[in-house]
Amino acid sequence: MDLRVSIASLSLRHPIMLASGILGTTPSMLIKAYNSGASAVITKSLTMSPRDGYPNPVIARVPCGLINAIGLANPGVKNYLDECLEVKDELTRISVIFSIAGFSVNEYVKVAELVTEYGIGKALELNLSCPHVEETRLFSEDPKLTAQVVRAVCDATSLPVFVKVGLTANISEVVESAIKHGASAITAINTIKAMAIDIRAKKPILAAKYGGLSGPAIKPIALRVIYDLYEEFKVPLIGVGGISSWEDVVEFLMAGATAIQVGTIVYKRGLRVFKDLLKGLMNFMHNEGFSSLKDLIGIAH
Amino acid sequence: MYYVRCSLKSKREEAKDIFSCTFSLNDIKFLQRLMPGRFVMVWLPGIDEFPLSPSDYNVSNSTLRLTFKVRGLGTRSLSSLSVGSSIFIRGPYGNGFRVSKHILQGGSKLVLVAGGGIGLAPLIPLIKDLLQQDVKLHVVCGFRSSNEVFFINEITNLLGDSHTVSTDDGSLGVKGTVVDVVQNLLNKRKVSYVYACGPEMMLYKLHRVLLDKGVPHQMSVERYVKCALGICGACVIDGLRLCKEGPVFNDVHLKGLKEFGRYKRSASGVREPLL
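Sequence lines, in order, name chains V and U. Per numbering that gives the first Met the number 0, the very first residue in the first sequence carries number 0; after that it's consecutive. Per numbering that gives the first Met the number 0, the very first residue in the second sequence carries number 0; after that it's consecutive.
Chain U with its partners taken away, still in its complex shape (with noise of 0.2 Å):
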């Protein structure tokens, strides 16, 4: 079997163009084949095919969830959706985010997760996985504005009072950007480790800060998806295929691509300067 067919079970509006839907799925293996940051390919018979990291999944009561911003054809067919429909995923593909003792050591070190806008999504089930071991961990979830904030209360359900909420514009919680809270964060606490997902320019900005402060981490890159097998090239930055390698790139993979943080490609190949 190579799809693997989901039915929407329910679904609902988050945040301006910002959408969940929860599916069920008969297929146990896939489920406990996912890992925080690793990707499905959602395939909408005869509309598209795109890559989508979920935002939840649960082995015991056969479930996913993806959250998504509408951008295109493909996303707001998946957001127009009616209960009991169809669609096809294949994978889960890539590397996910590493969460080992190893890793998070530190002690009374902080373990930061920062996510920016429709990156908060795949960043949950990530969050749910720390919860697990034993470290001290912040939130930090970054929005333009206050019209594009989601997800908070399941932070909050989660996390208690031990998270950030900013925006560009100050309309909800701390005004700034992702960037200048974790910033704060880091001349304020030790920080041991910092996980990450959100636009690439963000992404950038805050590995140059993090490199600069001698603080490890791992993020969640975004590139076209094509394949997803690792054959077609489609998703390469530098020398690394997004399928295999990635998403999620720790901070020495980071530091030797010199496309990120200024490179995307088009479909076809084309580089497009990030801005």
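Extracted from the complex, chain V is given alone in its bound form (with noise of 0.2 Å):
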């Protein structure tokens, strides 16, 4: 059974990812997660400088998934890579996508030079869509933002440059923006914006207030969005958005997406995940007679 993909350079031994934000602070987590099943493995959203984020409490839990505000909280594009090289024998021979983030398109362009110049990543996913933070997710929301830091961020980097957007109701002109200005691939949805609050302490739980909703809430509309843009356009789509089940990977397959990433359901079953996905996905393509994932991509149309 072929399960292996490719989305532009980057050759997948099958679909499933981990998504960026989860475990992704250290290099050392990347390389379990890998070793644990995953295809690829992306990092946290990386910035210049070092950011602590918000202060606790940065995660809720709701009946239907968690919502986070951690405030893109990660130790600088710098000393990332600097522990990445003490173990670069190890990433390098495994999937790295690194992902990062930016207040400024130069900013984005700083961090994409210096990940491209130390050879330890595969592609770059631009976090464009960042529900929680003010600045970065306006790149998202803007088509001429997001055409002018992408067609930067292409002019600076070798890597083919995938870009995750957001639920915006302007999706469809943001995607269409960043593909023409260069991005390889779409990962579609970051998490939504979205609150909690505990009713005895009469306070919304985070301490940034609002946060990005992820897990089984938002799947429905991930989903839909990644069939509509799987209409419209012709670049690899990348399906991200409370993916919790085989069912659930299939879904995606189907509706378009050539990949997918999990980052939630990692909370509920561990990264044992990643083999229990790939073992009912294989399951189901067998009783099915798919002898090949490319045949099971974009069938629901």
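Hints are computed from structural coordinates only; laboratory data are not their basis. Backbone N, C-alpha and C fix where the C-beta goes; we use that ideal spot for every residue, glycine too. Wrong hints could be hidden among the right ones.
To be verified - Which residues of chain U face chain V? A partial, calculated answer using Cβ under 8 Å: (1) G229; (2) I230; (3) G232; (4) A233; (5) V235; (6) A266.
Two independent chains are provided; combine them into the complex using the hints.
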């Protein structure tokens, strides 16, 4: 059974990746996630300088998922890359995608240049849509800003550039702009701005008040977005948002995703989730007579 | 329900900047899931949320005691709560100290519990559990100076004189560190197992000594905790998450950790060398 997929120059052993923001604070955990079965692992969104993020609490559990407002906490791209160098051999053996974020076009470019120069990553994923960091979110709400940042980053790197977009009314324009200016793939969607209040404390749980909702609650929305984008655009799509079961994986592939990412489900099922999802996908393909993943992608159209 | 509301019943200053707060809470299941060494996330709305391992808990009268050192805004606010006011906790999280006949086998050999400074706090529930086992127990309590000494009456009540107090400056008890005291005991007695909690450099030195002597052990390690749910990665030490695989690690785990005794991580995830 052929489960391999290619996204630009990135070749993957199967379509199930670890999403950005989950466990990616340290290279050691990326290696562990890959060895647990993820086909690619994505770092935390890295910025030029270290960021503490928001104060605690940064996460709220809700019945249908999680709301987080980590606030793009990360050690800064230079510290991160230096730490990666210590395990460079292991990291270059696996598919590491560097998620990058910034507060200006120039910052995205500088981070992209550094990642490219160190030669550890296989692709870049531009986080243009963090729902709880205003300055970053703006990039994917305005197609002109999207154009500027995608063009500038693509000019500055030899790596394929994936653009992660959020749920906006003009998502189609934003994606069109990203593709036109050099994006090799679109990752959709980011978490959705949300909140939770503790009724006994009588306060919002998150220190930042608002955060990004992930988990099963957003899956049907993310699926719809992938379905729509597949109708409209020809670039590879990476589906993300509440994928929790192998059936969800199949739905996203049928909607048109070339690959998918999982995050929140790792909290419930641990790192064994990759092997479980893959097993379910393979059983389904076997039972339904699919010998190649390519035959499954977009079949629901 | 995510957070459990806890009402402050009593508070005492144990030593300089060290406080114990006893809370009542109406959640038996929460208390039943506690184990020595597991931790809770303490939320003071509008101020901070941080991890603490309770220094005592009692299912029958629904109480939980937190003993902590004032270090920042969160712990300072906790120390200035007035009786009757509320805090909120979630958890408990992580793996605690494992106590079993299998681990402690050794007949006449001694089991040691070693606490350094505020690291003594989560060891109290462990000592109570160990006293239920058929083992010979000795507790080593180390402090920098006499003005930081706490819980000695409590430990005397539990263990009689089967404990040693040490201070780095010799102002109370034996002069020396926890590691010095344990080393002396190892030279004199056969020790089957060691449990420890305290500053990381103390733990690291103790770990090296115990490895050298072939004494199995468990240690509770501290890291910056954010989500406590095992997904944010902030508390990772090498490939292990403190909130899932820790905070208590055994000698086999500790031996494989390159960051243990070398680095901590700040809120951003930047590695900071331990001094």
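Comparing the hints with the structure gives:
1. G229: 6 Å, holds
2. I230: Holds: closest Cβ of chain V sits about 5 Å from I230 (chain U), inside 8 Å.
3. G232: 4 Å, holds
4. A233: 6 Å, holds
5. V235: 5 Å, holds
6. A266: Cβ of A266 (chain U) sits 4 Å from chain V, so the hint holds.
The structure meets every hint from the earlier list without exception.
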